[in-house]
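A.B. asks: Based on these hints, arrange chain B on the given structure of chain A.
Going down the list, the sequences are from chains A and B.
Heads up: the first sequence is residues 2 to 296, going by our numbering.
Heads up: the second sequence is residues 995 to 1291, going by our numbering.
Where chain B lies over chain A, by a calculated footprint (3+ residues, C-beta under 8 Å):
(1) 13–19
(2) 37–48
(3) 102–112
(4) 133–147
(5) 252–262
(6) 270–280
By construction, these hints were calculated from the structure, which means they are not laboratory data.
We put the CB at the ideal spot given by N, CA and C, even for glycine.
Given next are the chains, with one letter for each unit.
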Amino acid sequence: MSSSQSAFSNRKVDRAYYWMAVPAAILFAVFLYVPFLQGVMYSFTNSQGYGDYKWVGLRNYIALFGDDRVWRAYGFTFFIAIIITVLINVIAMFLAVALNGRIAFKNGFRAIFFIPYTLSVLVIGYVFKYIFMNPLPALGRRLGIDWLSTSMITNEKLAWIPIVFLAVWQGIAYSVLIYLAGLQTIDNEIYEAAAIDGVNAWQKFWKITFPLIGPFFTINLVLSMKNALGTFDQVVALTGGGPNSATQTVTYLIYKGGLTGGEYAYQTANSVVFFIVLAIIAFIQLKFFGSKEKI
Amino acid sequence: MSTAANVSATTSASGAQASSGRPVRFRRDHAINWWLTAAVAVLSLTVLVPLYFTIVTALKTPAEAGTFSLPTAWQWHNFADASAKVNYPLAALNSALITVAAVVLTLLTNTFVAYAVARNMDKRFFRFLYYFFIAAMFVPFPVIMLPIAKQMGSWHLDNQIGLIVLYMILGLGTNLFIATGFIRSIPVALEEAARIDGAGTWRIFWQIIFPLMSPINATIAILTALWAWNDFLLPLIVLTDQTNQTIPLAQYVFSSQFAANYPMAFSSYLMAMAPILVVYVFAQKWVIGGVMRGAVK
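Isolated chain A (complex conformation) (with noise of 0.2 Å):
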């Protein structure tokens, strides 16, 4: 054998440290680790999350991919987690850079801007399904515009639109400060250097600012992507999932269909798909992103 040294120190650990995190351990297996194996055991029955279940094999699974519902719930999940990530992100840069910048009332700009993210989303969901019901529409019809003058909500096709911009309205509120905090990690000197160099401001952000607040984009594109792929509120408090079910997130459908609908054991081998799809797409963007920032 060579001289294979471990990583790892072999210091004796004091015992009150294990005491300090193998309960905590337990607790968090389970919660958490338990109910996902539990949930992954069920997505093999044809439990109804109560009374006697039978083992069915993979039969929720194939069932899964013949169901159209299942379809449009995925399909319109990334439809809408794509635009709100990109939006969320262009948005609260923009932001960032302003709020940082030479403007006015820095400080209370940067108070308003994160009133959103303290505000229950469901609640001011009820207020934006209002304001997109009736003055919206009373707003389209004096300027004549077409499709604004009947509500979006119960527009099939344009369902969509209040979704997004309620998880956009809220979500830009951390992802500007998560940028701001970025922004501020950044040594004025190199600006100045630039400055003296006659770097325009265009060039400054792409050839500065961007790549030195590159982890804290990676944080954010994570983030707000996660969230997105769970939108939840913003469907119960704008369209319940209607009209037609065109706006049923997945999140939405499991909910629905294992706590309300009687198709326990089918949604959650749902969840189980859902999970492996999520823990695709959380690798290859920290992969993608993340290959020389450490998060």
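C.D. replies: Relative to the frame of chain A, chain B by itself:
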């Protein structure tokens, strides 16, 4: 804009720095960009206008609702009516109880888990625990939603206590992620000195480390409080008894009860948002500082 002025400011400042021997802060940006300020102000209306709309609508008669104008006669009784309808005092009490308990228990437990993991990252077991906790951050809640709902019911934890326990446990991954970097920046020498004086690990944690962690504790407290107070999905699937309802859940359950009386519905929404908005107005600097601290490691 004024590169020449910047350069001269730089030179004079570095001159000052050289003479006093410590870095001198100087203002690089003298001129305020009013065009940018105007653009940001217009964007801030997207936040302020919906809030304004909520407030004025809450105080109107049903016939008046739907416009952005001020109410002609302020209908203060809407609040009392809405409060009676959604049983607001009970929901507010439940939300407050759950939020406070979740924050306190999270602070008292998650911190020492983070400490134990952060201080022993050179050991295989604790390195494993680190990833074991962090990995859960990437497991989206819907995946475990159905089994958790079933479990909590069968353990008789389908109440406030179960909810508090879940916030304490499900937040651990994020809190550990936020806190470990901070703990590792605390010099070990402090602990070693105390250890020589005969203090055990627990005592060292509570008397030295925990107080030193205050800034990051504030971050954890803020994020946990906002989460527990505003959360809808967990109360929806965990709480079965109507008398245990939190504020968002009560809004959901009674959302169909207002029929066409939108002002009454809006006063209910406003009462749901008001407590946290009031706290935020007074503590915004602290809240924003805390959240931003969580992002930098």
